[in-house]
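A.B. asks: Spelled out, the chains give:
2 protein chains.
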Amino acid sequence: MKDVTLKEIAKKLGISITTVSKALKNYPDVSEKTKAAVNELCQKLHYTPNSFAVNLRTKESKTIGLIIPEVMHHFFSNIINAIIDEAEKKGYLVIILQSNESLELEKNQIELLINKRVDGILLSLSKESNNDAHIQEVINRKIPLVMFDRIAKLSNCSKVIIDDQKAAFDAVQHLIDKGCKKIAHFRGPLNPQISIDRYIGYKKALEKNNITFDSKLIYTCEDITFQEGIDYARLMIEEHPDVDGIFAITDLVAVGAMSYFNEVKIKVPEQIKIIGFSNWFMSQVVTPKLSTVEQPSTEMGLAAFALLLEEMNCHRDNLPFTPRTVVLPTELLVREST
Amino acid sequence: MKDVTLKEIAKKLGISITTVSKALKNYPDVSEKTKAAVNELCQKLHYTPNSFAVNLRTKESKTIGLIIPEVMHHFFSNIINAIIDEAEKKGYLVIILQSNESLELEKNQIELLINKRVDGILLSLSKESNNDAHIQEVINRKIPLVMFDRIAKLSNCSKVIIDDQKAAFDAVQHLIDKGCKKIAHFRGPLNPQISIDRYIGYKKALEKNNITFDSKLIYTCEDITFQEGIDYARLMIEEHPDVDGIFAITDLVAVGAMSYFNEVKIKVPEQIKIIGFSNWFMSQVVTPKLSTVEQPSTEMGLAAFALLLEEMNCHRDNLPFTPRTVVLPTELLVREST
Chain A
1 MKDVTLKEIA KKLGISITTV SKALKNYPDV SEKTKAAVNE LCQKLHYTPN
51 SFAVNLRTKE SKTIGLIIPE VMHHFFSNII NAIIDEAEKK GYLVIILQSN
101 ESLELEKNQI ELLINKRVDG ILLSLSKESN NDAHIQEVIN RKIPLVMFDR
151 IAKLSNCSKV IIDDQKAAFD AVQHLIDKGC KKIAHFRGPL NPQISIDRYI
201 GYKKALEKNN ITFDSKLIYT CEDITFQEGI DYARLMIEEH PDVDGIFAIT
251 DLVAVGAMSY FNEVKIKVPE QIKIIGFSNW FMSQVVTPKL STVEQPSTEM
301 GLAAFALLLE EMNCHRDNLP FTPRTVVLPT ELLVREST
Chain B
1 MKDVTLKEIA KKLGISITTV SKALKNYPDV SEKTKAAVNE LCQKLHYTPN
51 SFAVNLRTKE SKTIGLIIPE VMHHFFSNII NAIIDEAEKK GYLVIILQSN
101 ESLELEKNQI ELLINKRVDG ILLSLSKESN NDAHIQEVIN RKIPLVMFDR
151 IAKLSNCSKV IIDDQKAAFD AVQHLIDKGC KKIAHFRGPL NPQISIDRYI
201 GYKKALEKNN ITFDSKLIYT CEDITFQEGI DYARLMIEEH PDVDGIFAIT
251 DLVAVGAMSY FNEVKIKVPE QIKIIGFSNW FMSQVVTPKL STVEQPSTEM
301 GLAAFALLLE EMNCHRDNLP FTPRTVVLPT ELLVREST
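Those protein sequence lines, which keep their order, are chains A and B. Reminder that position 191 of the first sequence reads as 191 in UniProt numbering, one-by-one numbering, no gaps. Reminder that position 190 of the second sequence reads as 190 in UniProt numbering, one-by-one numbering, no gaps.
These aren't lab readings, by the way, just hints derived from the structure by calculation. It is possible that some hints are incorrect.
[Claimed, not checked] One-sided and incomplete, this derived list gives chain A residues near chain B with beta-carbon spacing under 10 Å:
#1 ASN78
#2 ILE80
#3 VAL94
#4 ILE96
#5 LEU113
#6 VAL255
#7 TRP280
[Unchecked claim] Straight-line Cα separation of at most 25 Å, PhoX-like style, residue types lysine-lysine; simulated pairs:
#8 B:LYS267 / A:LYS289
#9 B:LYS267 / A:LYS107
#10 B:LYS267 / A:LYS59
#11 B:LYS142 / A:LYS44
#12 A:LYS265 / A:LYS182
Backbone N, C-alpha and C define an ideal beta-carbon position, used for all residues, glycine too.
Given the sequences, and given the hints that come with them, work out the whole structure.
C.D. replies: In structure tokens:
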């Protein structure tokens, strides 16, 4: 469809383009009668201001980019939810991309967003990414950037995180308080900071309680899936039938392990206690209900967008902005599995 | 940050703007040496072609809009997943908005996307929406539009759906085949077509098997939540303790009902058989595992985007396009709850 232009509107009404433009912006020096005529005709002909031309003038696209590792993840869907609702309220649209945990894809997506001239970027890193060149490129170009959850500690940008070490420490301390003596950890892959921090929290809790750390009790879930929960539970029971507690990197893995124990009639929590992480919805509907760590996903989305908005406003007004890190509190949710 | 312009690049190299522009587009009449110099300097100064100016020239934004009722819904996250991956492969970015089941919000979002000049819109209606004026506006403006899952039958646009009536019929027939004589239906709200069609499928299955329809066995879940599943299961047991089968509008409601039965020691499937709809992930991890209807979410996302792409290409090339409706097959998944 050919777009209607201001010129055509002006011609049809026998007035100047400037008058049409002023009428649409409700300038006081245009008569109410002319304004009414212009508005009526614009509506009739489906006139829309050309947003590309508006963008060229204002240099703002009123669009932000959001890159997350995966949409199908309970925690991230919650965050998307919070961000798109809040962004819309503040007049921003959100382009969402998922890296599928690939550094290569993430790099391309950063480039796409830069070329698209988004006003800012919200980023949760893929498990392969760190403080790499593509992140530096965003920072060098002074494009407002906030990392959340999966961050690179060394990147010079704002960050929103939880204290993963402390949260993991609390979860393992809870298992110990409930009487567990031999606790396995189903950890995440080696690179992401959250995976490292939860592992450190696990070790610290053992240390504090004078339980010797045993690297054989660490099972690494490369893809953090339900199936890995099942498989490592089976392997663990073969290798260490006397394990009496498991701390899992996330609820999905914990629920996988529980599903295996259920199948082979190993009783949770009587024989093995399990605690997950993130409070996925499913953790309330499984039998027994899963103890977990509540991660404030909505709050994380809101905090990340608020920081980005602050930086975008400074950027627009040529004001200085110093990146900040916001640490959100977590909460231990004790349910039936412990 | 001030953007680097072609003019500045030209000045620094002592050549014309036209030569810089041609060098970047790899025109044959510019020497390799000049091209190399231009590319090197552009890289050094972080030059990016101004996408707004490019958009103004090509009239394409290479962006599409996607409006869904809610992100936090297993089925819709799956669809988002499929659409953003496929769109990216074809060179499109996706702006995602959620209507939160509100007609008012959906209207505003359609307007935002029109003003943003997206090349096309993918839409799954809110439960309050139908073939309303905002849909007509998109169609009148000839903006490529595809509805999926939650559609308005009367809208003159492409659609991707499943045969909800047949899928519901099959689910209820399955309960009857398993010996159920008195089957309740936890239905969705009155307006959305999927809710109407599943209800009709339920009635048709009863009719085919000479079971008298009883409107008292219909419980309407206005918000289609886990809690409604719990509440209506409780109410139903009070009112009709002899019900021996439930067909629920979606797995979330079915899992809510099961959680209530679990609490009050009513045995599923021995005393009551339950079947859900959509095959949410949680239906495999609850005890007993929930029978359900598999809805092809990834295929639906891919089919919707493919139709939109076809229409956008026709639109760009001024070719005619006739809207089509694609009906995807469903599959009955028999598990432990029946």
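A.B. asks: Does the structure break any of the earlier hints, and which numbers would those be?
C.D. replies: 9, 10
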